[in-house]
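Each chain is listed here by its residues.
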Amino acid sequence: MLKVENLNVYYGRIHALKNVSIEVPKGQIVTVVGANGAGKSTLMWTLAGVLKAKSGTITYNGKSLPASAHDVAAAGVILVPERRRLYANLTVRENIIMGAFLRKDPEGIKKDLEFIYSLFPILKERSNQYAGTLSGGEQQMAAIARGLMSRPKILLLDEPSLGLSPLYTSEVFKTILQIKAQGATIFLAEQNAHKALEIADRAYVLETGRVVLSGSGKELLANPKVQEAYLGVRHKAI
Amino acid sequence: MFLQTLITGLSIGGIYALMAVGYSLVFSILNFSNFAHGTIIMLGAYIGYFLISWFYSSLAISLLGAIVGAAIFALLNVSLAYIPLINRKAPPLYLMITSMGVSIFLENMVYVTVGSHFYSFPEIFKKSSVSFFGSEISTLDLFALIFSFIAISGLHLFLTRTKMGTAIRAASYDMTVASLNGVNMNRLIGVVFILAGAFAGIAGVFLGIKYMVYPTMGWITSKAYIAAVIGGLGSLPGAVIGGVILGILETFVSVYISSVIRDVFSFSLVIIFLVILPAGLLGKYLEEKV
Ligand SMILES: Nc1ncnc2c1ncn2[C@@H]1O[C@H](COP(=O)(O)OP(=O)(O)OP(=O)(O)O)[C@@H](O)[C@H]1O
Ligand SMILES: [Mg+2]
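Heads up: the protein sequence lines correspond to chains A and B, in order. For what it's worth, full-length UniProt numbering labels the leading residue of the first sequence as 1, then goes sequentially. For what it's worth, full-length UniProt numbering labels the leading residue of the second sequence as 1, then goes sequentially.
Please keep in mind that the hints were generated in silico from the structure rather than gathered at the bench. A few of these clues could be false.
Unchecked claim - Rough simulated footprint, nothing fancy, chain A against chain B, three-plus residues with beta-carbon under 8 Å: (1) 160-167; (2) 174-181.
To be verified - Incomplete in silico selection of chain A near chain B, CB under 8 Å: (3) Val-50; (4) Ala-69; (5) Ala-73; (6) Ala-74; (7) Tyr-87; (8) Leu-90.
Beta carbons: idealized from backbone N, C-alpha and C, even for Gly.
Can you make the complete structure from the sequences, with help from the hints?
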């Protein structure tokens, strides 16, 4: 289980995360929703070890997460960053294989690659193409595929539906459920609050760097405040 | 005459390419022009020279020693001078200025320890030549050409076929994401400098054989830098193409026009290139090109 306690993160003098506490239990999908600039990505990059917290603790199974990003990855906490961040100068296949950088089981890598190609057949077709030439949706699949190749214990997904058409968005959310069914733990940041809350076991609402609400996905879906602010539901003022 | 000039040009181009590859490798990862690279080439030349003097006429020992020695110097260079700055997130300009400092420091260390003599390699190949379609081609030129070709092909295979090579190309595009994939960036930077150093060692020995060995010989590598700029800094194929183009053009200018004008020609060429194609033939990075 991943546990974040009283996390404070700054960009210079900008206080981006304020006393954030979050728990991600094993095998669950936990989501954090929030508007632009709420601090979702900041949280993700801090968990991944790229940004440093000023104070607070991040523990994984009781032990604090290592300080450098590559050690966090080695511990099985894998971030699929916002805007995909594929290596445009590498082929699709090379991008996916980069996810297996730390693995030393060629057989397992081959098997996982086959599994990923069965999950995203289009990536198999495009495997020798440069990643920069993929469409946005295909790039998102490749980015998730790269994350999966690391055999994540916890997969951190930062806005996987960003810029995708409704069809691709459903596709991505279906994939997330499939990944969960394989036993992975997922921590998901989304602006597409409706879809995220629907699949989430637990959810947090982040507002200007602070956790303002938390509960099960269903609870938050039913919460009038959440409906108004994030789901576009209008409640009549009496 | 034409064929001979072409082969000579190709072999000089091959040496420029060996040197340019080192600049480009480092630039592709760290986005700065490593001006200490020329000095590492000079150290490689000294190591090669002394080894060949002690083990007379064993070019193999000389080359091997220069490769290993220059790679070690390059690794020390990056670990002591650049990594501390990188870990403090210093911008590339600071690294570039540091590299100039390293270069001056090492040159002067050579003055203090070895002295300012000019050494010339024993004449292993210098006089010998082979006949090739009626042209006399120097064995050294041919050997340098073939050896450069093999070394660069080897590097290409490493970068495209191995895990670490793929990671180097990945990190040249996005270092942060490479670290998310579990790549230890300090280690990767170390590998890049070992490679650049190994190529510096080879280039140093060939330069030493072709010209002389002396403390400021590293500045010849401004030519390699030109080659890297022509090809596109940060691009390996670009470095090779740039080196070969420069080598051939220069040799033809020396032979058919005048050798005095050769350097004027190369430097004019780079200025024209920067004006017309600021990113070089194959480069995609525009910032921090100095
Ligand atoms: N590199 C940076 N330097 C300074 N401020 C930053 C930096 N990155 C983010 N911020 C600020 O920190 C706050 C949180 O940003 P963050 O990217 O975490 O938001 P987000 O919730 O991911 O938003 P979005 O949904 O738009 O991706 C914002 O106010 C943003 O302006
Ligand atoms: Mg974000």
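Now for the hints, and whether the structure bears them out:
With 3 residues having a beta carbon nearer than 8 Å to a beta carbon of chain A, the stretch 160-167 of chain B meets the requirement of three or more and the stated coverage holds. By the rule of at least three residues with a Cβ nearer than 8 Å to a Cβ of chain A, the coverage given for the stretch 174-181 of chain B holds, with 7 such residues. A hinted interface residue such as A/Val-50 counts as satisfied when its beta carbon comes closer than 8 Å to some beta carbon of chain B; here the least separation is about 6 Å, so the hint holds. With 8 Å as the threshold, the beta carbon of A/Ala-69 comes within range of chain B, its nearest partner Cβ sitting at about 4 Å, so the hint holds.
Checking A/Ala-73 against chain B by beta carbon gives a least distance of about 4 Å; that is within 8 Å, so the hint holds. Checking A/Ala-74 against chain B: minimum C-beta separation of about 6 Å stays under 8 Å; hint holds. About 5 Å separates the beta-carbon of A/Tyr-87 from the nearest beta-carbon of chain B, less than 8 Å, and the hint is met. For the restraint placing A/Leu-90 at the interface with chain B, the shortest Cβ-Cβ distance is roughly 6 Å, inside the 8 Å limit, so the hint holds.
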